[in-house]
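Protein chains in written order, with our numbering: chain A, 1 to 238; chain B, 1 to 115.
Note that these hints are calculated values from the structure, not bench results.
Misleading hints may appear alongside valid ones.
Unchecked claim - If you want a taste of the chain B side facing chain A, the calculated C-beta under 10 Å gives, among others:
hint, residue
1, Val-96
2, Lys-97
3, Ala-104
Computed from a predicted model, the values in this text were never measured in an experiment.
Note that the Cβ used here is the ideal one computed from N, Cα and C, for glycine as well.
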Amino acid sequence: MNDPDVLFVIPALNEEANLPSVIQELRAAWPEALVLVVSDASADGTARVARELGAQAASLPFHLGYGGAVQTGIKYGLRQRMRVVVTFDADGQHDPADVGPLVQAVRDGADVAIGSRALAAGSYRGGIARRGGRALFGLLARLLTGLQLTDPTSGLKALGPRGQELFALSRFPDRYPDADALVLARRARLVITERPARMRPSRNRRSMHGGVRSVPYTFNMLFSLLVAATGRDVDLRR
Amino acid sequence: MPTRQVVVFLALALLLLAVILELVRRRTLRIEYSWLWIAACLTTIVLILRYELLVELTGLVGAVVPTSTLFFLCILYLALLCLHYSIRISHLTHRVKDLAQEVALLRSHLEGPSD
Numbered sequence: 001m002n003d004p005d006v007l008f009v010i011p012a013l014n015e016e017a018n019l020p021s022v023i024q025e026l027r028a029a030w031p032e033a034l035v036l037v038v039s040d041a042s043a044d045g046t047a048r049v050a051r052e053l054g055a056q057a058a059s060l061p062f063h064l065g066y067g068g069a070v071q072t073g074i075k076y077g078l079r080q081r082m083r084v085v086v087t088f089d090a091d092g093q094h095d096p097a098d099v100g101p102l103v104q105a106v107r108d109g110a111d112v113a114i115g116s117r118a119l120a121a122g123s124y125r126g127g128i129a130r131r132g133g134r135a136l137f138g139l140l141a142r143l144l145t146g147l148q149l150t151d152p153t154s155g156l157k158a159l160g161p162r163g164q165e166l167f168a169l170s171r172f173p174d175r176y177p178d179a180d181a182l183v184l185a186r187r188a189r190l191v192i193t194e195r196p197a198r199m200r201p202s203r204n205r206r207s208m209h210g211g212v213r214s215v216p217y218t219f220n221m222l223f224s225l226l227v228a229a230t231g232r233d234v235d236l237r238r
Numbered sequence: 001m002p003t004r005q006v007v008v009f010l011a012l013a014l015l016l017l018a019v020i021l022e023l024v025r026r027r028t029l030r031i032e033y034s035w036l037w038i039a040a041c042l043t044t045i046v047l048i049l050r051y052e053l054l055v056e057l058t059g060l061v062g063a064v065v066p067t068s069t070l071f072f073l074c075i076l077y078l079a080l081l082c083l084h085y086s087i088r089i090s091h092l093t094h095r096v097k098d099l100a101q102e103v104a105l106l107r108s109h110l111e112g113p114s115d
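In isolation and in its complexed conformation, chain A is listed as follows:
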């Protein structure tokens, strides 16, 4: 595909082992696209490896977490006036083949296109707790805003310019922009759509949402959802 106006943002924390295969796979499928690896103050050679593989690398001076790292890349895309910014995981979970329909959806007018595990037959969907969490957040998002989403916590997203603008706001939920981000997007009257995406099991054993941290995550997300649903409207139309 010939897409110099597409930027892949890959937030990465100590991913030097996974990056080569992820970036090579990505470059094979999207030779023209720009790839930016945002190293979240990694202790290993994440940024160096990314640069050796021909990607751009941005190194945060200290740890900001997933949301802050992704937002860094989105700000970059916004400044470079990229038509589409795709957020892509560094652990090999996402399949470059699923990105085509997402980019096309943005080119067809969507502001936010989400890769959904639920729409893809035979996709890896995570354990029972994660599936339950996704169902709960999806239900809440629907009750609060009428937004129908099958996979509100997916990290694979394609953003058009207005989507990028929303995600780059200073006060945007920058911990884990999941269901709350989509509720905000909906309230900003952005066009949100879903396409099937097959996820592979993460190659990283220390996944972001796993274990003990899922308890505060759940409460933070519930609160963040309520805040997103009741806070001031974001108006991106000027």
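Place chain B on chain A using the hints.
The following block gives chain B in isolation, referenced to the frame of chain A:
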């Protein structure tokens, strides 16, 4: 209020006021943060010199002993101060995050792509 108490507490309040003004003078404490402290000092001084105001206030809020009114006011003041600082910290957190992202992007621009 016994004279001894008046003297001791008045001295303490004036000392605190002097410390705060000195901190502001040395720019260790920013002016906008000093108002809350100066207000607290002045309130204390007024209440020491005019104890009947505290008694009146006690009747107003429905408390029995003036001491409880005083404690109530202190706790309320400290709680509000903490809230004020939480708000400031949240604001600063946003700014620090934005700055860190800016640093990362500028750094990336300087280092450039390798190919």
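Verification of the supplied hints:
| no. | hint | verdict |
| --- | --- | --- |
| 1 | Val-96 | 9 Å, holds |
| 2 | Lys-97 | 6 Å, holds |
| 3 | Ala-104 | 4 Å, holds |
In this structure, every one of the numbered hints holds.
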